[in-house]
Structures are given as structure tokens and as C-alpha cells.
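Use the sequences and the hints to build the structure in full.
Protein chains: 2
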Amino acid sequence: MTTITNREIHLAQAPTGMPEPAHFSMVETQITPPADQILVKNLYMSVDPAMRPALSNGQTKVGAVMQGGAIGRVEQSANPDFPEGSYVIHRCGFREFHVTDGRDLRLVKTEGESLTTHLHVLGGTGLTAYGGLLVTGELKDNENVFVSAAAGAVGSVVCQIAKIKGCRVAASCGSDEKVAYLQDQLGVDYAFNYKTQSISKSLRAGLPEGIDVYFENVGGAHLDAACGQMRPLGRIPVCGMISAYNNKGARSEGVTTLSNMIYNRVTMKGFVVYEFDHLREQFLSDMRSWIADGRMQYSETIMDGIEQAPAALIGLLQGQNTGKMLVKLADDA
Amino acid sequence: MTTITNREIHLAQAPTGMPEPAHFSMVETQITPPADQILVKNLYMSVDPAMRPALSNGQTKVGAVMQGGAIGRVEQSANPDFPEGSYVIHRCGFREFHVTDGRDLRLVKTEGESLTTHLHVLGGTGLTAYGGLLVTGELKDNENVFVSAAAGAVGSVVCQIAKIKGCRVAASCGSDEKVAYLQDQLGVDYAFNYKTQSISKSLRAGLPEGIDVYFENVGGAHLDAACGQMRPLGRIPVCGMISAYNNKGARSEGVTTLSNMIYNRVTMKGFVVYEFDHLREQFLSDMRSWIADGRMQYSETIMDGIEQAPAALIGLLQGQNTGKMLVKLADDA
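So the sequences go chain by chain: U and W. Note that the working numbering has the first sequence beginning at 308, numbered continuously upward. Note that the working numbering has the second sequence beginning at 308, numbered continuously upward.
Careful, some of the hints might be misleading.
Where chains are identical, the list cannot tell them apart; a pair therefore holds if satisfied intra-copy or between any two copies.
What the hints assert, rightly or not - Under the rule of at most 30 Å between Cα atoms (straight-line distance), these lysine-lysine pairs were calculated in the DSBU-like manner:
id: 1; residue 1: K555; residue 2: K368
id: 2; residue 1: K472; residue 2: K368
id: 3; residue 1: K502; residue 2: K555
id: 4; residue 1: K368; residue 2: K508
id: 5; residue 1: K502; residue 2: K368
id: 6; residue 1: K472; residue 2: K447
id: 7; residue 1: K470; residue 2: K508
If you're looking for bench data, these hints aren't it; they were derived computationally from the structure. None of these values were measured; they are calculated from a predicted model.
Rendered as C-alpha cells:
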């Protein structure tokens, strides 16, 4: 039993607005993994908008290590389900090493693709997009789809699945570079920068027939504009509301157009990714084939070293990423 | 073929806020019903919140006769499906007589109950409450239910069905008299006057475990308070948003708590009563048995004469009614 030096990120103080570096602290611990446990060396960790509400609603305790998805390599194992050298996904990111009996691990089997894809297109954010759009959103071929935070890890997959299904897609994002990425790289029909364009007018221009499915990642003004333009029997799968997460109680800007839900019989439905666990095999099969034939692109923004994890989360909340925001914790060696 | 004098209410001008008498006009016409048609003498007409948006969104044309549910007696008929003396329901209220080939009529078979009940507990508002709560709201026994506009025609039926299903019921209304009616007559567990009490605090007091089903009739501040207190897998069937109907575009006060829909996986769903047409026989059977055993009470506010129809609609929008707002158009003679 060797003792290992481990660094981890703790919540130092619960933020009330946009998190700042001072809300986090890096703590060094010594780990001596018992022989009957599994030692995982984390290689990459995922940074997700949903981490923000957990900092203020008591889910992450002040003084405790942060939680988040990560992929690691098994360094030492007494469990034949997770042999040494295998790759595993778990929820204990924000630390360099993870010691576990294995019950919280899921084995990752790569088929030539990069490890990091299992934290986005082939992982949680991919499955979120896939299930949220096809199951919660009940997407039908050739519908009119609006996606917000469309250049993010979830939004970019939603846009591309909708295009694969023959839909017309409008997409919002927060910079002109992202507009170009969405239109030129991902094939979105109409992308716009919500910081410089009217959301309502952009939606009327991009989806003149109205919206069948609004994949909601932002909330507030986005939802206010979109809900007023929903078509009969429209669906709004609610994946996230990043515009609200830095506000007390995760309150968004006021949404005033909900009465359109009545006569147009619109359904708005919150969901979380674990609802789609039973679809994982079909999801992996579909996504791998779409990646192989070039119809599913992805982008990564990778920051280096666990000391960058707070900055990565803050950057994500400020929209600095295109595609998936990751932190590299160690070389795969 | 006799010529009959008929009075009807037209929309004179589309209102932009609360309707006023000057927005309506009464027009006298002469009718000579062809021998192959059905002449219906309207006895009572229904007055409903949903009539308000129709005045501003172009559904009711300026200069045209208003639309709305009514019950009448067949005075003259060439159609054996609707013999003279039978009672019929149709959508051509706001006039004293209705001439039709019968395709827009539904025969009413009374079983001892008053005719007017077929315009509320046994009619459209009753079926709205029944389907909205049990089908759209997927009510389960013993849940925690919040009903807004609870002393109205729909809300009062929702409260009582929820009580019949063993639920704990909180209810909002706009006067202390209605609070007493809801608690003392209808058996609501916790009623409050939203004009004098905080909606959020009242909900925490009345439903301390949170809300499983919020039957939405009001929108705006009501939804803002309720959505923040929804329990996991909660449902919000959206029947109406009367607080918004006098605003441009039927915009409500801002709702800021929708992010609670995500982690609690809440569903909000707009519906209209025609979705439940296939349930009408079961609905009538259930409601008649509940009325017979005293578990389904109802109240009517009846104004007299077609010239009162605009005042009845304005009064409804101001909350003057308890239970169903009706206008009596003629004696059943």
C-alpha cells in the first residue's frame, strides 16, 4: 500500500452570483488505498452548467470536495470487473485520484475514439441531448427546432441530431464565432448571437412557421421569446436554464408568454439524464455511426491541470467554451 | 315560415385591457328559418374566461356576433335527430335564436337535474376539470393539489374531484366569502384570498410537503409561487391564465421559478376540453353519482337577459361570480 498525494477542489464559500476563484480552494490530501479497494487515477473531468446550482442549493456542502463527471484509469484493483488499466467513468471529478469499491464506476469500452468523447458526445452530455430531444421532446422528422446554448456540449449534439432527422434548426449562441461554427460546421439553418440580435425577431426569421420543439438550455428571455412562437402540440424539453443559475434561488428573468401553451396545447417538461440510462446501447450505436459518417461533429475546450477546474467552471458559465468544457487532470501514462 | 325578431351581441371594438360595455353592441335581426333547418331558442348561455383572448387575437371579428356555449330548446325542426321540444347544446350563444342544419348541435338528455348543470358541472367546465385533473394532470390518490381560481366553475369542480380522490387541497380565490365557500361548502383543506395573503406563504402553510399537481387557471404570480414549490414528478395542467387575458398578447406577469422544473422533472401541459370528448359518458356517470351522494356541490351566478351578456363577461373577468357565470336568455316555455 503506497501513499499517494492527491489534490482536490473544495467549495470554500457558496457563491451568490457568478462564482469567483475565491469561492473554491485546492486541498492536498494523502491517500493510502486499502488493498480491497480500487484506485482510479482521473485523466479528464467534465465541467457542466448543472454544477452551478449545486453550489448554492446545499447539494455541495461548503468545505466538501466538489462533485462532477470524470474519466480515469484503474491503477490498482482487487475487483475483476475493473481490472488494472481499464477506463472508468464516475461522478468523483474535481480530484486527482478516486478510491472506491467499484459500485459507482461504469466501465468504458472505447472503439478507437478518443477517451474524452466519453465525457461528451458518447457520454453524459450526448445522452442528455439524445434522450431530451428524441424521448422528452418526442422529435418527429422534418419539424421546426430551436436550440439555445447551441454551441455548448449538449446544444451542439441536439442541433446535429435534429438535422439528421431532417428538421429545420434555429440556434442561439453568444458570439459571432459560434454563429459561424453552428452554420458552417454543424449545418444549422439559422444561427444568431443573442447578445446582439433580438431573440424574437431571429426566431421569426429562422423559423417562420413557428417552433415544434424548443430544446431549452437557457431560460428567461430565451424561453419568453420561444414560448410565444410555439406551434400546436409543441414540446419544450427543459434541460437547463443557465441564465438563471447565478441568481438567488436559480430565478430566471420573467417569462410572460406561457398562456400560448393553452390553445396550442404545448408541453414543457423537465428531465434529467438518468431517465435515459436504458437507451445507452442504442445511443452509442447511433452516435458512433453518425460520427463515422461525418454527420456528428464535436468540439472540445480543454483546460490543463486540476488547479484550472474553478476557472473552467467560471469560464463555462461565461460562455467561453465551444462544445465540451473539460479539464485534463493527468496524462494517460 | 314565420319571421322572428332576434337580438345578438356583437364585438364592436377589440378591447386592449379590461373590456368595457362600449366594446360590445346589441344588434336586432329578423330571422326567417328555412323549413329544412332547425330553429333553436336559446335558454341559457355560458360565460367563460376563454372568451376574453378571442376578443383581441382576431378569433372573434370586430362587427361579428360573439361565440360561446349555450343550451336551447328546439322550436322547429325537419331533423328527426333533434325533434321539437328537445334540448341542445351548441357554440352559438350571445344570441336569442340559432338556426342550423344540426351538425353543430349535441342533444342533451337530462335525468332530473336542472338544464343549467349541462353548461357547467355536467357540461364543458365540468369535463374541463375532470379531464384536466385526471388525464392531463394524471392525478393519483392522496396527492397534494393546488387549485387557483378555485371558486370558479372549473376550479370548484377540480377541488371536489381532488377531495373525492383523497387528496389534500389548497385553493386560492379573490375574496374572503369565497374562502369560506371553499372551506365550508366544498371541503377544501386550506383556502386563501390571494388579494390579501402571500401566495407563496399560503402554499407553504397549506401544502407543507409541496405540490404534486397545480391546476393552473390564473398564471403570473400564481404560477411563479406554485412552480417553485412543485414536488418531484409534479404536473401542472394549464387550463387557463385569466390574470393575463386583459394584457396585450395575453402576457402574464413574469414567471421566474421555472428552473425548478428541471431537477424535479415537472411537466407543464396546456390542454383544451375537446381532448376529453371520448370520456364524456364516464364523466357524466361519475359526476351524476358524486352529485347524488352530495360530494359534488355547485354554485351558479345567473344574470338575466341577453342585454346583460357583456356585463356578465366583464363581471367574470373581475371575479364577481362564485361557481358558474350564466346568462338566462329566455324562459323554458
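Hint check results:
1. K555 - K368: Only inside one copy: K555 and K368 sit 17 Å apart there, 45 Å across copies, limit 30 Å.
2. K472 - K368: neither (42 Å within a copy, 40 Å between copies)
3. K502 - K555: Classified as both: same-chain Cα gap 23 Å, cross-chain 26 Å, threshold 30 Å.
4. K368 - K508: Close across copies (27 Å), not inside one copy (42 Å); limit 30 Å.
5. K502 - K368: neither (34 Å within a copy, 39 Å between copies)
6. K472 - K447: within (7 Å within a copy, 36 Å between copies)
7. K470 - K508: within (22 Å within a copy, 46 Å between copies)
Of the numbered hints stated above, those contradicted by the structure are hints 2 and 5, listed in ascending order.
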